[in-house]
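**Q** The lines below spell out each chain.
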Amino acid sequence: MVDIKKITAKNMTDKEFFFGHKACAGCGGSLAVRLAMKVFGEKTFAALPAGCMSAVGFIFPQMAFLNNAIISTFPGTGSMLSGMRAGLDALGFHDTHVVGFAGDGGTADIGLQALSGAIDRRDRIIYICYDNEAYMNTGVQKSGLTPYGTKTTTSPAGKNLSGAVTHKKNLFEIIAAHDIAYAATASVGYPQDYLNKLSKAARVKGTSYIHIYATCPTGWGISTETSVSLAKEAVDCGLWYLAEYENSTFKINRKLTKPELLKEHLLKQGRFKHLKDEDIKVIESERDRKWAQMMEKWG
Amino acid sequence: MLKPEIKNYVTPKHIRDYPTGPSFEAGHLVSINAGWRTFKPVVDINVCTGCYQCYLLCSDGAISKTDNKKIEFDYSFCKGCGVCAHECSFNAISMVKEELAK
Ligand SMILES: Cc1ncc(C[n+]2csc(CCOP(=O)(O)OP(=O)(O)O)c2C)c(N)n1
Ligand code: SF4
Ligand code: SF4
Ligand code: SF4
Numbered sequence: 005m006v007d008i009k010k011i012t013a014k015n016m017t018d019k020e021f022f023f024g025h026k027a028c029a030g031c032g033g034s035l036a037v038r039l040a041m042k043v044f045g046e047k048t049f050a051a052l053p054a055g056c057m058s059a060v061g062f063i064f065p066q067m068a069f070l071n072n073a074i075i076s077t078f079p080g081t082g083s084m085l086s087g088m089r090a091g092l093d094a095l096g097f098h099d100t101h102v103v104g105f106a107g108d109g110g111t112a113d114i115g116l117q118a119l120s121g122a123i124d125r126r127d128r129i130i131y132i133c134y135d136n137e138a139y140m141n142t143g144v145q146k147s148g149l150t151p152y153g154t155k156t157t158t159s160p161a162g163k164n165l166s167g168a169v170t171h172k173k174n175l176f177e178i179i180a181a182h183d184i185a186y187a188a189t190a191s192v193g194y195p196q197d198y199l200n201k202l203s204k205a206a207r208v209k210g211t212s213y214i215h216i217y218a219t220c221p222t223g224w225g226i227s228t229e230t231s232v233s234l235a236k237e238a239v240d241c242g243l244w245y246l247a248e249y250e251n252s253t254f255k256i257n258r259k260l261t262k263p264e265l266l267k268e269h270l271l272k273q274g275r276f277k278h279l280k281d282e283d284i285k286v287i288e289s290e291r292d293r294k295w296a297q298m299m300e301k302w303g
Numbered sequence: 007m008l009k010p011e012i013k014n015y016v017t018p019k020h021i022r023d024y025p026t027g028p029s030f031e032a033g034h035l036v037s038i039n040a041g042w043r044t045f046k047p048v049v050d051i052n053v054c055t056g057c058y059q060c061y062l063l064c065s066d067g068a069i070s071k072t073d074n075k076k077i078e079f080d081y082s083f084c085k086g087c088g089v090c091a092h093e094c095s096f097n098a099i100s101m102v103k104e105e106l107a108k
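So the protein lines, in turn, are chains A and B. Heads up, the first sequence is in my numbering, so the first residue is 5 and it goes up one at a time. Heads up, the second sequence is in my numbering, so the first residue is 7 and it goes up one at a time.
Be careful, since some hints might not be right.
[As the list claims (entries may be wrong)] Think about it this way: if two alpha-carbon atoms lie no more than 25 Å apart in a straight line, the pair counts; the simulated BS3-like pairs of lysine-lysine are:
no.	chain 1	residue 1	chain 2	residue 2
1	B	Lys13	A	Lys26
2	A	Lys236	A	Lys14
3	B	Lys71	A	Lys14
4	B	Lys75	A	Lys272
5	A	Lys236	A	Lys204
6	B	Lys9	A	Lys47
7	B	Lys71	A	Lys10
8	A	Lys267	A	Lys294
9	A	Lys255	A	Lys10
10	A	Lys9	B	Lys13
11	A	Lys26	B	Lys71
12	A	Lys280	A	Lys262
What the hints contain is simulated information worked out from the structure, not anything from laboratory work.
Just chain A, with the same shape it has in the complex (with noise of 0.2 Å):
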C-alpha cells in the first residue's frame, strides 16, 4: 500500500461534521461518528438506521451533521449504501464517500443480511459499526453483540440467572468470512489506531467494515469521564481486540498486555456488578480461548 499520511490530532481538520448532536455526555458512539467524519471530510454521504446516532443527530427541526446524511430503514443499512454508491456513480460523483454508522443491534443481529449483500456485491462502502453492546435507543435490550453476564432489560440479573447467558457473536470472524476488501475492529480508547483505520478504509476500493467499540455510559452505568479509558482497558484486559482483515489475512495489532485487569474492570460498570467469581471465571475462560485461538491462527 502506499505510504499515506497519517491523521492525527494535530494535522486533522478543525471543520466539525457531526456537532450540536443530542447524545449523552461522554458517548462513545458519537465520538466514533464525529471522528469518522473528520477522517472522510465533507464528500461523504452517511446512512445510519434506527438507534442512538440517527436519534440525537436528526432532531427535528436539527440536523446534526454537516454533509449528506439520511436515515435508513433498521434493517437496509447495507441495501442503502450500495443504492447511494450507485446514484453517486451513475451522477458522475466518484470522488465521494458513503458510509454507514449503525449499532450493535443494527449490524450483527437485524442489518446482518443488508450488510452480507452489500459486501458480496463489492460495492465502494464504508458500513461503521459503534459497538455500545446492546439495543441502547430503545432502553437497553441485549443484542447478538451483549456480552456474557451483561445486564440488560431482557437479560436481567437476578436469582436465577446472571444477565446475558451467551457470549458476543463473533462478527468480525463473519464479516471477514465474506473476504472482504478491508474490515477491522477498533475502540474508542486506542483514537490513533482508528483514525489509521478510517484513513484505510477510505482508500480501499472495494467494501470495508470497521467494528468500533464505544462505551456507553448510561447503558453501561459508568461515570462519563471514564468512557475514553474504560474504552482502552477493555482492549489491554482482552474483553476486545484491536484486528486487521486485508488481503485474506487476519493481523492482530495489539497484544493482550494486562489480562489481570479483568475483575476489576468488569466491576466498575453498574452492567457487571451483580458478577459474582464464579461468572467472572466464565468471562476470564471465554477470553482466554479466544486468545489462544486468536494468536494462534492470526499472532
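Dock chain B with the ligands against the given chain A, drawing on the hints supplied.
**A** Just chain B with the ligands now, kept in the frame of chain A:
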C-alpha cells in the same frame, strides 16, 4: 465555516407550516447543549502543552485549537462529561461546579 451556527427557528403555528418531508439542510441547529452541565471544564493555559488529546477525544467537538497552540472550550456545546479533564496527561483541565465557575 468550521461549525454550524444556531439558527432562529419559528415554531410552526399550523400543520401547513410544517415541511412535507422531515428533512433539513445540513448543520441546521436551533438549540445549544450548555444546560446539560453540572461541572464545567476550565483549562490552565500555563499548563496546557497543546498536545490536543482533549480536542481529539471530545464527543461533542466542543474544544478548539487556538492560534497560540492551546485550546478553548465552546461552552454552548460542552456537556460537561469530564473526558477532557480525565484524559489530559498534564492535568491542565479541572472540572469546576457550574455555579462556582468564573
Ligand atoms: C424495524 C424497527 N424495529 C424496531 C425499531 C425500534 N428501535 C429503534 S432504535 C432501536 C435500537 C437500536 O439499537 P442498536 O442498533 O444497537 O443501536 P444503538 O441504539 O445502541 O445505538 C430499536 C429497537 C425500529 N425503529 N425499527
Ligand atoms: S444511550 Fe449510550 S449510545 Fe446512546 S447516546 Fe447515550 S451514551 Fe450514546
Ligand atoms: S490534553 Fe491537556 S495539555 Fe493537551 S491540549 Fe488538552 S488541555 Fe492542553
Ligand atoms: S467536558 Fe466533555 S463535552 Fe465538555 S469539552 Fe470536555 S470532553 Fe468535551
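**Q** Taking 25 Å as the top limit, are the C-alpha atoms of lysine 255(A) and lysine 10(A) close enough?
**A** Since the Cα atoms of lysine 255(A) and lysine 10(A) sit roughly 20 Å apart, the hinted pair holds (cutoff 25 Å).
**Q** CA of lysine 267(A) to CA of lysine 294(A), is that 25 Å or under?
**A** holds, 17 Å
**Q** Taking 25 Å as the top limit, are the C-alpha atoms of lysine 9(B) and lysine 47(A) close enough?
**A** holds, 16 Å
**Q** Are lysine 71(B) and lysine 10(A) close enough, with their CA atoms no more than 25 Å apart?
**A** holds, 19 Å
**Q** Quickly compare the C-alpha distance for lysine 9(A) and lysine 13(B) to 25 Å and report which way the hint goes.
**A** Distance of about 37 Å is beyond 25 Å: violated.
**Q** Given the proposed pairing of lysine 13(B) with lysine 26(A), does the C-alpha separation stay at or below 25 Å?
**A** This hinted pair holds, its Cα atoms lying about 16 Å apart.
**Q** Taking 25 Å as the top limit, are the C-alpha atoms of lysine 75(B) and lysine 272(A) close enough?
**A** violated, 36 Å
**Q** Between the alpha carbons of lysine 26(A) and lysine 71(B), is the straight-line distance 25 Å or under?
**A** holds, 23 Å
**Q** Does the structure keep lysine 236(A) and lysine 204(A) at a Cα separation of 25 Å or less?
**A** Judged against 25 Å, a Cα distance of about 21 Å means the pair holds.
**Q** Taking only the CA atoms, is the gap from lysine 280(A) to lysine 262(A) under or equal to 25 Å?
**A** holds, 21 Å
**Q** Starting from lysine 236(A), check that the Cα of lysine 14(A) is at most 25 Å away, please.
**A** Distance ~21 Å between lysine 236(A) and lysine 14(A) Cα, so the pair holds.
**Q** Run the distance test for lysine 71(B) versus lysine 14(A): straight-line Cα separation, threshold 25 Å.
**A** With a Cα-Cα distance of about 9 Å, the restraint between lysine 71(B) and lysine 14(A) holds, given a limit of 25 Å.
When held up to the earlier numbered hints, the structure conflicts with 4 and 10 and fits the remainder.
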